[in-house]
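Sequences listed follow chains A and B, in order.
What the first sequence shows, in the numbering used here, is residues 119 to 510, in sequence order.
What the second sequence shows, in the numbering used here, is residues 323 to 689, in sequence order.
Keep in mind that the hints were calculated from the coordinates and are not lab data.
Glycine included, each C-beta is placed from N, C-alpha and C at the ideal position.
Pairs of lysine-lysine residues, derived as DSSO-like cross-links and limited to a Cα-Cα distance of at most 27 Å, are as follows:
| id | chain 1 | residue 1 | chain 2 | residue 2 |
| --- | --- | --- | --- | --- |
| 1 | B | K662 | A | K279 |
| 2 | B | K524 | A | K489 |
| 3 | B | K407 | B | K649 |
| 4 | B | K555 | B | K407 |
| 5 | A | K489 | A | K441 |
| 6 | B | K524 | A | K441 |
| 7 | B | K348 | A | K279 |
| 8 | A | K279 | A | K209 |
Simulated restraints on C-beta separations:
| id | chain 1 | residue 1 | chain 2 | residue 2 | range |
| --- | --- | --- | --- | --- | --- |
| 9 | B | E360 | A | A260 | 43 to 51 Å |
| 10 | A | I481 | B | V489 | 54 to 62 Å |
| 11 | A | R219 | B | H367 | 35 to 43 Å |
| 12 | A | S208 | B | P503 | 47 to 55 Å |
| 13 | A | R215 | B | R616 | 57 to 65 Å |
| 14 | A | E210 | B | Q381 | 41 to 49 Å |
| 15 | B | S538 | A | E210 | 43 to 51 Å |
| 16 | B | P503 | A | I481 | 34 to 42 Å |
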Amino acid sequence: MGDVLAENRIFSTVYTLVNDLVPDGWSWVAYLAAGMSIIMFVVNSLMIMATFYTWVERRLLGRFQSRLGPNRAGPFGLLQPIADLLKLISKEDILPRSADRIIFNVAPVLMLAATLIVLAVVPFGRGSYIADLNIGILFVVAISGIGTFSIFMAGWASANKYAMFGSMRAIAALVSYEVPMVMSILSVVVLTGSMSMVDIAEGQALPFILVLPMAFMIFMVSISAELNRAPFDIVEAESELISGYNTEYSGMKFGTFFAAEFANGLVASAVIAVLFLQGWRWAVLPSHLWFLLKVGALAFVFIWIRATLPRLRIDQILGFAWKFLLPLSLINLVVAAVEVLSWPEQTALQQFYMALINWPVAIVSIVVFSKVVSKRQPVQPVVRATVAQEVV
Amino acid sequence: MSLNMQPVTVNIGPHHPSTHGVFRMKVTFDGENIVDVEPVIGYLHRGTEKLAEERNYTQIITLTDRLDYVASMTNNQAYVLSCEKLVGLDVPDRGMYLRVIAAELQRVASHLIGIGFFLQDLGAFGTPLMYCFRERERILDLFEMLCGARITVSYMRIGGVFQDAPVDFWPALRRFMGDIPSYIDELDALISTNEIVLARTKGVSPLTGEQCINASITGPILRASGVEWDLRKSAPYDVYDRVAFDVVTLPDGDNYARYAVRLAEMRQSLRIIEQCVAQIEPGPVRATTNMLFRPPAGEAYVPIEAPKGELGFYIVSDGTVSPFRCKIRGPSFVNLTLLKEMMVGYKLADGIVSLGSLDFNVGEVDR
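Excised from the complex, chain A in its bound form (with noise of 0.2 Å):
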């Protein structure tokens, strides 16, 4: 038996009820259901909720762009999202005939397991979680990074020029991205001392959004890239792509990518809420209910910024990534580990200065860089038409 599940009250509830039903020596019956019983809660709580997240998406862009929304199928359009599903799993399964078989339909699949999985470590209220790693955000960090992956899988495998365009940039964009993130990252575990979700939400005296404020940006802006969501959407990039890298996916393969989207999008709004907003801390509400709320108003930023901002340039977000965001979270870094040094009791009092110099040194460090490392280059055409002609 996982020691790792043994504090889960899901999980000993299932596990005694059938432990005492079956037979000595089949007590893996027992693990076995446990598990089950708590995958078919995390998984289906969270579909219901991504399903219901583009329901709340398409009706705040229709508010944001001053139109309805759905607003036809049941009251406020709540049965949309139904409606659509319903549409996409009776939409006929087209795979492009020198598409690559296999892969192209594993893609989808661990594109959302991907996404569920990262679930496991997040605490979603007081004393519930599934487990309680001690490695839990270096966890998060490598499971998502498996989406980019299988984004790249669907763009190789749909044998579609556009499709590919997306996955590399979805490609260029991870590798420069998850270097900030992490670095960000960093400088919360050394604040809190462990890499436990659970351990880094109790460890917040202070929400760590006012007192490590850059980090919070950086996280913010790089999960927004790991994302692809606005202004960071090269990725799907409609008005260029078509789609990306789901062009060639229709009916419910194309249904499984966008449930995975609109779920990976809850999931990093739970752990910002974990990482930067104590978690599930300071309840004034049912702590579960008081965690969701923190979640819908990082997913309700989220939907803001892209109702907001367009779309930059690939080499301009990368850039942005390497120039900007690397140096402000290596800075974030080092000013996090000389105060912990300092303060090493980390009481609300001492987060609280840790906050009155964190903050300064944010504003300072982002205006100075700003002008110095990100001056506007004059766009300079790259022609290299000869190398249309060597290949012929």
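On the provided structure of chain A, position chain B as indicated by the hints.
Below, chain B without anything else, positioned relative to chain A:
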């Protein structure tokens, strides 16, 4: 390790979200960089010029609506001006003023569409587009009051306009004129200083004035390259010689300048409308012509400043009820001439934005 890197050719269009209709580009990429562009047109060809030879002169007005379908009023205007020149017809003042008011409203509507789709191509997800559509909707409502139609208006007739504006048109126009400056200021505030818009469009795909003139590019694109050329000033038609307005030019000629010129031109259009509303006097709106318009043999070409550039109908009459030849000089088609020069060397994302900055309309390209 040696990499076998080949340029890859992608068909952008005819069905693609940012080709604004059915326009196709065969684009060769070296990575993300564009090395070659070959525009392919003809997917929306409806044979308007040939159809015109089979219709009588009044029926052709409805064909012109369908050329540049986001600027029908100016299409009407260009056509009827050429017809009037064929017979030397004098149009009553009120008719000319109504034409100019409608044409300038149409210019605002067309530029709103241009800016909206330009931002859409930049990747702003729908919001600027919907804002622009919201304001355009008001203009279409005004058109509906004028002639009953919103898009394919067929408002103008040889010798004037179809009918006088209804009484409730003028208060509605006044309300609109009160609201629209704040709308334009809102767009200006939201877009013009947006850091991402600036980073994406400043200095991208610049065209010099010389290039534009050599390719006979007209309209906002020419003026964005610093050439002060506006047919409303240089060859005034209708009542443009009685109103004061500025020809907006910008020196840069890049994507941002093309956007900024359109924004500024909307304000000038509003100035023109205000003066027209002040100057217009009661009277007939249409000169009396024969039921069946039958011009003497001859030819006429009256270019006008359509929202997208110089638009003109070269009409050759053989004295019958339908023209012998009706050649349409559409700005959208001519403005696409320098597409390759604009796109080669830039990235895919910039190429799409450059295409959007041309604000072309496939209905007019293919005719």
